[in-house]
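K.L.:
Here the structure of chain E is known, so what remains is to put chains A, G, P, C and X in place on it, guided by the hints.
There are 6 protein chains.
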Amino acid sequence: MRILVVNPNTTASMTAKIGEAARAVAAPGTEIIALDPGHGPVSIEGHYDAAFALPGLLDCVRQGEAEGVDGFVVACFDDPGIGACREVATGPVVGICEAAMVAAAMIASSFSVVTTLPRAIPVIEELAHRYGMERRLRRVRAAAIPVLDLEADAGAAAKVHAEVVRAIEEDRAEAVILGCAGMADLAASLGQRTGVPVIDGVGAAVKLVEALVGLGLRTSKAGGYANPLPKRYAGDLARHAFQSHDRN
Amino acid sequence: MRILVVNPNTTASMTAKIGEAARAVAAPGTEIIALDPGHGPVSIEGHYDAAFALPGLLDCVRQGEAEGVDGFVVACFDDPGIGACREVATGPVVGICEAAMVAAAMIASSFSVVTTLPRAIPVIEELAHRYGMERRLRRVRAAAIPVLDLEADAGAAAKVHAEVVRAIEEDRAEAVILGCAGMADLAASLGQRTGVPVIDGVGAAVKLVEALVGLGLRTSKAGGYANPLPKRYAGDLARHAFQSHDRN
Amino acid sequence: MRILVVNPNTTASMTAKIGEAARAVAAPGTEIIALDPGHGPVSIEGHYDAAFALPGLLDCVRQGEAEGVDGFVVACFDDPGIGACREVATGPVVGICEAAMVAAAMIASSFSVVTTLPRAIPVIEELAHRYGMERRLRRVRAAAIPVLDLEADAGAAAKVHAEVVRAIEEDRAEAVILGCAGMADLAASLGQRTGVPVIDGVGAAVKLVEALVGLGLRTSKAGGYANPLPKRYAGDLARHAFQSHDRN
Amino acid sequence: MRILVVNPNTTASMTAKIGEAARAVAAPGTEIIALDPGHGPVSIEGHYDAAFALPGLLDCVRQGEAEGVDGFVVACFDDPGIGACREVATGPVVGICEAAMVAAAMIASSFSVVTTLPRAIPVIEELAHRYGMERRLRRVRAAAIPVLDLEADAGAAAKVHAEVVRAIEEDRAEAVILGCAGMADLAASLGQRTGVPVIDGVGAAVKLVEALVGLGLRTSKAGGYANPLPKRYAGDLARHAFQSHDRN
Amino acid sequence: MRILVVNPNTTASMTAKIGEAARAVAAPGTEIIALDPGHGPVSIEGHYDAAFALPGLLDCVRQGEAEGVDGFVVACFDDPGIGACREVATGPVVGICEAAMVAAAMIASSFSVVTTLPRAIPVIEELAHRYGMERRLRRVRAAAIPVLDLEADAGAAAKVHAEVVRAIEEDRAEAVILGCAGMADLAASLGQRTGVPVIDGVGAAVKLVEALVGLGLRTSKAGGYANPLPKRYAGDLARHAFQSHDRN
Amino acid sequence: MRILVVNPNTTASMTAKIGEAARAVAAPGTEIIALDPGHGPVSIEGHYDAAFALPGLLDCVRQGEAEGVDGFVVACFDDPGIGACREVATGPVVGICEAAMVAAAMIASSFSVVTTLPRAIPVIEELAHRYGMERRLRRVRAAAIPVLDLEADAGAAAKVHAEVVRAIEEDRAEAVILGCAGMADLAASLGQRTGVPVIDGVGAAVKLVEALVGLGLRTSKAGGYANPLPKRYAGDLARHAFQSHDRN
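Protein chains in written order, with this note's numbering: chain E, 75 to 322; chain A, 75 to 322; chain G, 75 to 322; chain P, 75 to 322; chain C, 75 to 322; chain X, 75 to 322.
One chain only, chain E, in its complex shape (with noise of 0.2 Å):
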């Protein structure tokens, strides 16, 4: 099976540590690709910037389509794009909040979230709401961090550190989400020292797609998700329009 991961921020470093995070937790017979789009934001912090991520984020999994892979995994905490994305796609797309919130409401009562920016925390408590999880979420935290500050500051690993811990004893949270694809080489460390499950979502949406491409599922095409109608895009976004030939 061969999954599309998507990073779709532009820091090819980050792309990079997901495509390592993927692999790591990849069945053997699971072939990841990691990409970004080469086109867009550095880094995703906020509406904006997650706006301008999706053209990049579409057209890579428009190449993965039409390289036919088995699906596809949105390696961003704000799950930039999921229904565009699934109206594309044959096979499954799983963003990672969804995925890493799913992951531990199947293994704890309650979860809280750190993540790296204060403005993040109403993206993600809109999450929470939209995929029902509301009542199992602790609290989102921000440890104050820049997202491409997780790559380059020393002092990174120890506030999100602290942030978990803080998760644990203030939150009474049973288990702590990472909320930042950029985080995905701490889970395992934390979860360690803490004692508590600590949640990486681009590892948990890789095995959930996994999980959903060897049940045979593919996304529905009875509704929300159908594919986009072709139609004429003017300008500058020409090429992006979906045209008949594009359908599954």
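Incorrect hints may appear among the rest.
Copies of one chain are not kept apart here, so a pair can be met inside one copy or by any two copies together.
Unchecked claim - Computed cross-link-like contacts, EDC-like style, restricted to lysine to aspartate or glutamate with a CA-CA straight-line distance of at most 16 Å:
#1 Lys-305 x Asp-223
#2 Lys-305 x Asp-320
#3 Lys-295 x Glu-243
#4 Lys-233 x Asp-259
#5 Lys-233 x Asp-223
#6 Lys-295 x Asp-320
Since the hints were made in silico from the structure, they are not lab data.
P.N.:
Structure of chains A, G, P, C and X alone, referenced to chain E:
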């Protein structure tokens, strides 16, 4: 007061109709600027189209912001990109789905929505849930009309009328919302024919922006709608990057 | 357009202040009629006071209806008797709690409310639940000021200010709503001092009524807000009975 | 134990019927005092009627309080003024809608409500939401009978029966609640005829008040139901003002 | 009327205390039969214990059913096996968590629960959600006392008292529920000392069963609580199989 | 990896079918152990049967735990005893209802469930509410087939097929879940015939356990799923008591 009403698709006749609907309800001192981006999908029918409407929509909002308009209407019933627009905007930004539901909830105990295609139904149900309106929403109904047929098809108005009548009789809806900006011209006559309030989101959003601007309220920059962080955007999308001098 | 703003308590100085707040935001063509009923509680602090504010409130609304006003504001943050007013009214009726929450939700991801006495907290929480706003409401805070002390107590404004600051810092509220019509004069200066939107419900409701009237929307008579049925009221309250000739 | 059952409308025959229904289920040691206020609407059909039932209802409760009754039933299915009554009362106050839903939820997974007029449907749906019962409520059905026709119309019982049968067959309701105090006499026979529990709120509320009084529980004065604050009421309503010596 | 109060654990001293609490509130004509199954866990602290309390609990209920008792109380705050008991029972079955929350909601706007061990917190939060009480539940607090220490530890009552005070002061709870049948003897004195209603579920459940029986209501057999289907149970559990002649 | 799939009923042919369905989707390195307890109900149709399935189910899980299996599937659509199993288990425990709903929600906007008997409908609705899936669940439908007739009745598959078609056409469900482990063999062919994803919970749960184990996630012991406390169980059930040396 100047309000920028963005039609996020690129069909000029629809932009004209939307502008007309906006001007029909605007207060004497309000100048309506109706704009479409010139690049992007000719109609928005699903998540994929909505994703590719965002670059153009945000271009328009940034342009309006540069020109100092007082507030913004996003004239597509999927309320695409509202969070991103709010990050960029100094003044208020209102989507037509949220506006219509807010208006309906203040004049009726319950409402139904009549939209274009069945694929829009889950999108609108999700928005109702996000806005805390799921209890008041009796049902989302599709008249089975592609968006652009609203312009072209002589029978479209009759189909919408039939579905509005069903909403009143079968759903016991006390008000009916027209779930597409392209239906803006039908609301008044449908309201008169049925004796039940029929609400057009374009008009509703214009009046709500006028209200918020009149109150001196601007989009809060204290959390989820803070200005985008200045950063580099790679490739084709470089020009869209938010810069320090863009800050409001 | 003429809007009747009813202060449901009988403290004339508060009616004057409310009228002033309403006129401060009203559009050029809007005439504000600020009225209090002359009979009933001098302030509304709890369910019992609210119950005895209803006869006077409804007298005012029926009087406004007879005079053909275009819409109504109920200027008490408990939103008392809104359903009854809507049954009587032809035009729209908006309560200041609902109006403030609707305004807040369009410019901020979350908000807190600062009200007068602790006993108001569960009332406002219940309203937030009724309006589908419980997810956006961070917290209701009481400044521990009796309503009429807002008129009399030189220190009241400072107490409200302190609580607004706590809402921003402790609750991470992106906007703050002032939870009493008697605080209407404080909103603008508090917004300026804190840099966060501070919302007064009286102003918000006036602008929302202007918006709804401007849209040509009237209260739906197709269900829960149909005109009262003509019938006999016994005893002291006989004159309040709705009659066939009252129908709109 | 003495329980005051207030019929908030002024139709003496209905008060008698309600008293009878209350006595039919009261425990041996319970004295039922059935009262109506003598002033106010002859029936409660909508929010406006309910508003004008409050002065009389609260007069009755204050009178009962002065006479030291142990608890109160408000015998109108809209549960009008419950909060205000609870502020005044030392003992527990139970509304018949809340009581019926609580009883239904302990003997059935789901229930429907059969009420009088369609205009009551959104009121009851709103109450179900307030009480956390929206999931268990299958549907509110109206038998299209004005309240006072329950007294007068020979065919009323048959209409109610027909609607109860529809609730069982079409809604798959496991229990049916009669949504009007004026239907109190029909519950037992309908339960027998259909083989499904049919619940009358008057009886349910009497038994719940007995239960709460028997537990030694009184209305909490620690928050939302604290005694009204002593203050002046202006004009006609002056005599209704709560005074320091009224405190319990 | 005879009510069977089942203590689903096997600690006789606790059964005695529960029986005493039940008798203390029972009406003159009510006979309380307090029973424990003789086999199963000595205390219920978590899901596993609760699972092994079910065979004994259901034995007791079937025995009560055979003897024609009128109703049942399940005296463990996790409300274990209520659905199963309702399938077997002709009369009503009430759990003490549901009973306590229902009672609290009728005398207070909000409540907190004080339970024994922290591991019970998510169980009780889940029950509150199931009963539609999540909005009224301020917080579940654990006094950190193993269940049987309530019998043995002289300091247990002081710890419960301290937590009740915190619930009132920190959570602003208007009522407090004692979240363990073993605390039944503490409610009255805690209520007196704090001046806030303190609710014991055992008493509440007894009174609610009396109420339902007094209304002539039986468990609905029209859906989710229909009698078990007669069938074979294999092995050790064969004797527990429900048979045709068991039907009510 | 070894996964223990427990059929909590005692019908060996169904255990075999479940084992087969599990093996059909298991990854190459996964060993499926399909087990039933040998004592308990031959089928689970309602709460009573589910209660008596728990001792056997927990025996199986403890046996698996002793043998060091990596994770557990509970193969009954009522998701009985999941919390208890999670207390005992080191690895993850997944129920087939939760698994199927999680899978459906990632490939479709909405789904319906087709189950066996009408009495299962409220049970499944309650589970959907517990899992935060009530918004996505269009309807639970019963094919009116006793569980064991799925084994015996030649017409059963046709009845299930008919109900799946109704779910697609009448409920507009974008995916359909088969609501009984005994239907596991029908999913693939129904999916092919209808063109809409049809989901079997057994397969879904196996793949989710594989996913969680593959992530190195174990059941959190930090709260609601901590190991049972060692204690004495009286009588027949003594051997089931959890002991210190059982701790993981």
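K.L.:
Classify it for me, Lys-305 with Asp-223: is the Cα-Cα distance of at most 16 Å met within a copy, between copies, both or neither?
P.N.:
Answer is between: at 13 Å across copies they meet the 16 Å cutoff, but 41 Å inside does not.
K.L.:
Have a look at Lys-233 and Asp-259 and pick one of within, between, both or neither, based on CA distance no larger than 16 Å.
P.N.:
within (14 Å within a copy, 43 Å between copies)
K.L.:
Checking an output row: Lys-233 and Asp-223, CA cutoff 16 Å. Within, between, both or neither?
P.N.:
within (11 Å within a copy, 41 Å between copies)
K.L.:
Quick one: Lys-295 to Asp-320, C-alpha cut-off 16 Å, is that within a copy, between copies, both, or neither?
P.N.:
Within one copy only: 14 Å inside a chain, 41 Å across chains, cut-off 16 Å.
K.L.:
Is it within a copy, between copies, both, or neither that the alpha carbon of Lys-295 lies no farther than 16 Å from that of Glu-243?
P.N.:
between (44 Å within a copy, 14 Å between copies)
K.L.:
If the cutoff is 16 Å on CA atoms, where do Lys-305 and Asp-320 land: within, between, both or neither? Let me know, please.
P.N.:
Cα proximity of Lys-305 and Asp-320: one copy only (12 Å, versus 34 Å across).
This entry satisfies every hint, going by the numbered hints stated previously.
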